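K.L.:
Top line first, the protein sequences correspond to chains Z and A.
Residues in the first sequence are numbered consecutively from 1, following the working numbering.
Residues in the second sequence are numbered consecutively from 227, following the working numbering.
Simulated from the structure, these hints should not be mistaken for lab results.
Remember, it's a predicted structure, so these values are computed and weren't measured experimentally.
For every residue, glycine included, the Cβ atom is placed at its ideal position computed from N, Cα and C.
Take the hints with a grain of salt, since some may be wrong.
Computed from the model, here is a short list of chain A residues facing chain Z with C-beta under 7 Å [unchecked claim]:
hint, residue
1, R244
2, A245
3, G272
4, T355
5, S356
6, M362
7, N363
8, A369
9, V370
10, R409
11, Y411
12, M427
13, L431
Mimicking DMTMM-like on lysine to aspartate or glutamate, the simulated pairs with C-alpha atoms at most 25 Å apart in a straight line are [said to hold, decoys possible]:
hint, chain 1, residue 1, chain 2, residue 2
14, Z, K110, Z, E35
15, A, K268, Z, E131
16, Z, K110, A, E252
Counterexamples of contact, computed for chain A against chain Z with all Cβ distances above 12 Å [stated by the list, open to error]:
hint, residue
17, R234
18, E261
19, R265
20, G326
21, N341
22, E396
So the chains spell out like this:
2 protein chains.
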Amino acid sequence: VVVLVGVRNPLNIGAAARAMANFGFERLRVVSSHEASFREAKSAVGASHVLANAVEHTNIADAIADCALVVGTDAGHGRAPDQPVHLLPAAAQLISQSGGNIALLFGSEKTGLSNEVLSHCDWLLRIPTSEAQPSMNLAQAVAVCLCELIREETPPREDEFQSAAAGDLERITRVLAEALLERGYMTANASAGTEENIRRMLHRLRINNEDGRTLLGIVRHLARKA
Amino acid sequence: VVVLVGVRNPLNIGAAARAMANFGFERLRVVSSHEASFREAKSAVGASHVLANAVEHTNIADAIADCALVVGTDAGHGRAPDQPVHLLPAAAQLISQSGGNIALLFGSEKTGLSNEVLSHCDWLLRIPTSEAQPSMNLAQAVAVCLCELIREETPPREDEFQSAAAGDLERITRVLAEALLERGYMTANASAGTEENIRRMLHRLRINNEDGRTLLGIVRHLARKA
Numbered sequence: 001v002v003v004l005v006g007v008r009n010p011l012n013i014g015a016a017a018r019a020m021a022n023f024g025f026e027r028l029r030v031v032s033s034h035e036a037s038f039r040e041a042k043s044a045v046g047a048s049h050v051l052a053n054a055v056e057h058t059n060i061a062d063a064i065a066d067c068a069l070v071v072g073t074d075a076g077h078g079r080a081p082d083q084p085v086h087l088l089p090a091a092a093q094l095i096s097q098s099g100g101n102i103a104l105l106f107g108s109e110k111t112g113l114s115n116e117v118l119s120h121c122d123w124l125l126r127i128p129t130s131e132a133q134p135s136m137n138l139a140q141a142v143a144v145c146l147c148e149l150i151r152e153e154t155p156p157r158e159d160e161f162q163s164a165a166a167g168d169l170e171r172i173t174r175v176l177a178e179a180l181l182e183r184g185y186m187t188a189n190a191s192a193g194t195e196e197n198i199r200r201m202l203h204r205l206r207i208n209n210e211d212g213r214t215l216l217g218i219v220r221h222l223a224r225k226a
Numbered sequence: 227v228v229v230l231v232g233v234r235n236p237l238n239i240g241a242a243a244r245a246m247a248n249f250g251f252e253r254l255r256v257v258s259s260h261e262a263s264f265r266e267a268k269s270a271v272g273a274s275h276v277l278a279n280a281v282e283h284t285n286i287a288d289a290i291a292d293c294a295l296v297v298g299t300d301a302g303h304g305r306a307p308d309q310p311v312h313l314l315p316a317a318a319q320l321i322s323q324s325g326g327n328i329a330l331l332f333g334s335e336k337t338g339l340s341n342e343v344l345s346h347c348d349w350l351l352r353i354p355t356s357e358a359q360p361s362m363n364l365a366q367a368v369a370v371c372l373c374e375l376i377r378e379e380t381p382p383r384e385d386e387f388q389s390a391a392a393g394d395l396e397r398i399t400r401v402l403a404e405a406l407l408e409r410g411y412m413t414a415n416a417s418a419g420t421e422e423n424i425r426r427m428l429h430r431l432r433i434n435n436e437d438g439r440t441l442l443g444i445v446r447h448l449a450r451k452a
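The following block holds chain Z by itself, in its conformation from the complex:
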C-alpha cells in the first residue's frame, strides 16, 4: 500500500499513481487534513483506476491501521532519525520478506514525513541519493522504490547469439581480400597478411547468422566491377 501523507499538489499524487500502475501496484491511500482534489489529476496517465480506488484518510493512524509493516521514506536531509534506516536495495529485500499488508509512506513535497508520522514507522527506507542533492521529486521517489520492490534477481541473460558459420566468414574474407587487392588497398606481397587480418577481425566481431548473410551481400555488391 502506497501512503501519501500531506502531499499538496494533486499532480504529484497523479504522477505517483502512474508510477504505481507502471509497476503493478494498485492500493493508494492519501492522508490529508483537507479534501484533496486529486481524482482527476491528468498526470495519472494509465492510472485512473488507481486514483478512483484511492482511499482518503484524515490521519496517519487510520491509514495504516491494517498494515503489518510500516516503512517511512526518508529524504536523507541529514536529520538523524530515531529509527533504523535501510538503504533501498536492502530495504526492498526486507519488505519482500514481510507478510501481511505493507505500507510505504511518502511525505509532502517540501518537508517529507513529519516526526510525528515517522513515529508510526517500523523503520525507514532511504534512497541512496547524492549528498549534494538528496531531495527527490515525490513521484520519482515512488517510481524508484516500486521498481526496486518488483525486482527479480535474475542474472544477466546472455542473448541468444547464433554465430555465423566460419564458412560464411571465410566467403566474406575472400571476396573482400580479392576486391581490395584489385583496387590497390594492399600489394600482392602483403596480401596474405592482410587477408589474415581481415579474417581475424571478422571472427572478432560477433557476427550472427543473418548479419553474416547481409555482410556477404554488401561486400559482393561493392566488389563488383563498375
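Chain Z is fixed; fit chain A onto it per the hints.
P.N.:
Below, chain A alone, put in the same frame as chain Z:
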C-alpha cells in the same frame, strides 16, 4: 551522458535533470529540431547546474559521436525491436562494465525513441514495467535507471573491450549507404530503411576502436569509383 531526444515539455527536461542531480549525474544532452527553452525549467530543483551545462544538438549522430556505448530506453510498447533488449538490472551491470563515454537515450513523451534513433543504439534497456501500463513518465524513467546505475555492486569486469565510438560507426554507415545506393543495392526509396539496418548491424557487432578504423578504411576503399 543522459541524452533526451525530441522531448517536448521543458518541465520534463527539468525533472530529468533533477533526477540526474539526485544520483550524481551531470552530463545532459538535448536533441531537438527547434530551440528548446528548458534552461529555466522550475522542475529542475537543485539541478540548475545540470540544465546550465546541458548541450543542445540538432541530430542524434552528433549527440552521441563521442560515446563508446549507446543504450536506448524502450518503453516496451510491444514492438519487437531488432536489437538486443536487456532488462534494467542486467542492463545496469552491462553498462557498469563498459569503458569510455556511455550515452543513455530517452525519447519523447508520446512516442519514445523513433526507429531511426534506435538504429544508433548498441542495445536497448527496458524497465520491467507492468504489461498493462508500460509507458512511464520520462523523468521517472530517468530516475529509475540512474538509481540502478549507482547501485553498489561491482561485478567482475569483463575483458577490456574498447568499443569504437558511435561517430566512427556512423562514418562507416554513411560511406556504405552512399556506395550501395550508387550501385543499385537499394532504391532511393528504400535507402533510409537500409541505412538504418546497416547502422543497427554495425552497433550489434562488437567493433573495437582499431577494427572500426580498419573497417572505415576498407569501406572507403571499396566505395571509390573505379
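K.L.:
Decide, hint by hint, whether the structure agrees.
P.N.:
Hint check:
no.	hint	in the structure
1	R244	6 Å, holds
2	A245	6 Å, holds
3	G272	4 Å, holds
4	T355	4 Å, holds
5	S356	4 Å, holds
6	M362	5 Å, holds
7	N363	6 Å, holds
8	A369	4 Å, holds
9	V370	5 Å, holds
10	R409	6 Å, holds
11	Y411	5 Å, holds
12	M427	5 Å, holds
13	L431	4 Å, holds
14	Z/K110 - Z/E35	19 Å, holds
15	A/K268 - Z/E131	21 Å, holds
16	Z/K110 - A/E252	24 Å, holds
17	R234	14 Å, holds
18	E261	26 Å, holds
19	R265	18 Å, holds
20	G326	18 Å, holds
21	N341	17 Å, holds
22	E396	17 Å, holds
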